[in-house]
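Novice: Sequence:
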Amino acid sequence: MLLDIDVDDAGNVYVLDRSANLTGGGGSYAAIRRIDTAGMVRTLYQSSPPHLGGQLATPLGLAVTGEGDIYIANTGRDQIALLTPDGELRAVAGTGDRGYLDGAAAGAAFTAPAALALADDGTLFVTDQAGSVVRGLNPGPSGSLDAVPLAGAAALPRLEGVGVEVFAGQLGRAGFAGDGGPARAALLSGPKGLALGHAGNVLVADSRNHAVRRIATDGTIATLAGGNGQGTVDGPRDEARFDWPGAVAIGADGVVYVAENLNENLRAIAPDGSVSTAHRYASGRIHAIASDSRGGVFIARSNEVYRRSADGSTEVVEYDRYGGIYGLGVDGDGSVLYVDVDAPGASLVRVTGDGRATTLFADQLGVYGGALSSHVQGLAVAPDGSVYAADRVFERIVRIAPDGTAAIVADYETFGSLRVEPAGILATRDGDLLVSDGRQQVIWKITIE
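Under my numbering, residues 1 to 449 are what the sequence shown spells out, in order.
Simulated from the structure, these hints should not be mistaken for laboratory data. Among the clues, some could well be false.
What the hints assert, rightly or not - Estimated spans, in silico, between C-beta atoms of each pair: (1) 171 <-> 447: 53 to 61 Å; (2) 19 <-> 310: 48 to 56 Å; (3) 179 <-> 131: 57 to 65 Å; (4) 172 <-> 430: 23 to 31 Å; (5) 199 <-> 405: 29 to 37 Å; (6) 199 <-> 179: 31 to 39 Å; (7) 53 <-> 432: 51 to 59 Å; (8) 185 <-> 15: 25 to 33 Å; (9) 134 <-> 284: 49 to 57 Å; (10) 2 <-> 159: 32 to 40 Å; (11) 309 <-> 271: 53 to 61 Å; (12) 1 <-> 159: 32 to 40 Å; (13) 302 <-> 134: 29 to 37 Å.
C-beta atoms are modelled at their ideal positions from N, C-alpha and C, and glycine is treated no differently.
Full structure from sequences and hints, please.
Specialist: Here it is as structure tokens:
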């Protein structure tokens, strides 16, 4: 993806390029490339994704000087950087702390600088997104800006003593088979949402099979309902159809609620296996669902969270005016937790039963070097209050401890250099984590010493 372009006096074209990281760990590479007048392309500098330690964090602008220096708006680091002709990257303005402050380049503060432009006198103009203003950097009599410390996000710590193994499904094999046998010999296709049943069994939204599967405590798997083709058809379990089920939750009296990915339907599976449509929303897909110990079911749609009571009545629990709600979890007190994505930040929010909202964790989005991407699929709350986030884009599981610190639980390295797509996540009664993986077609079991 080309983000910006400039041309030097000799007619060489310089482009700011962003490309997907296809080697594991998710995110995007940023690169500065030059196309000379003969049409030859050369990469002058490439930065790994910021959440993996890359120095360029979603840069959005560049400008080339007559001497061949390249100014870069290092947007996620809130700095202006410079790439020298010999390939050295250094910062020339901004402390790296987000803000708005004029003055000497070393002490100035920016908020997500973007487009750049050079004037004939050497002044560098910068668009600053804090107040939608244009700011100027004057190199002074020397004609150049002095180097300042290059900002970078601190690497997330990793939990020690983490083990992973396949809990259900076969690595890399998609299909619909195995009912009545061990879950590790079964075939799944695009597993997503997970829920823990009252008796300890595990429910799985087997999305591409348009089914809900159940894994018993003895490790055997069965189809609870669906698997009869795509559609929205109510009726007995062996006739009902789902339309890409994406999330599951257990409500009162053992009723299983299923959110369908491609429409606005909330489906219900009764204890006898019959399927009905519990609610059809007028607009807006259901992002996630979760349940509390009292049988209430929480439903996240766009920027709202609802609570559906056992009698079918609903009430708005949370309304996020500016951000988007991703992931959904419920702790032992019945409080709702979700990830609030409000660019350029991501935060973990807890809403108590009386409506009080508390931010437990706040950080930049992962594209700017933060711990979480904008696509957290699932949340699980452990008895000690730790929250585990399944991050689909960054292909990892992150723990946010009760004190607000974040750490990597499992990632590309932990999964044996396999690319994964974490979606659903739950904490078992034994203290382990189960994580569904739509890329490898399995459910992983993660143990933490």
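Novice: All hints, please: hold or fail.
Specialist: Hints, one by one, checked against the model:
| no. | hint | in the structure |
| --- | --- | --- |
| 1 | 171 <-> 447: 53 to 61 Å | 18 Å, violated |
| 2 | 19 <-> 310: 48 to 56 Å | 50 Å, holds |
| 3 | 179 <-> 131: 57 to 65 Å | 60 Å, holds |
| 4 | 172 <-> 430: 23 to 31 Å | 27 Å, holds |
| 5 | 199 <-> 405: 29 to 37 Å | 35 Å, holds |
| 6 | 199 <-> 179: 31 to 39 Å | 18 Å, violated |
| 7 | 53 <-> 432: 51 to 59 Å | 29 Å, violated |
| 8 | 185 <-> 15: 25 to 33 Å | 50 Å, violated |
| 9 | 134 <-> 284: 49 to 57 Å | 37 Å, violated |
| 10 | 2 <-> 159: 32 to 40 Å | 39 Å, holds |
| 11 | 309 <-> 271: 53 to 61 Å | 18 Å, violated |
| 12 | 1 <-> 159: 32 to 40 Å | 34 Å, holds |
| 13 | 302 <-> 134: 29 to 37 Å | 34 Å, holds |
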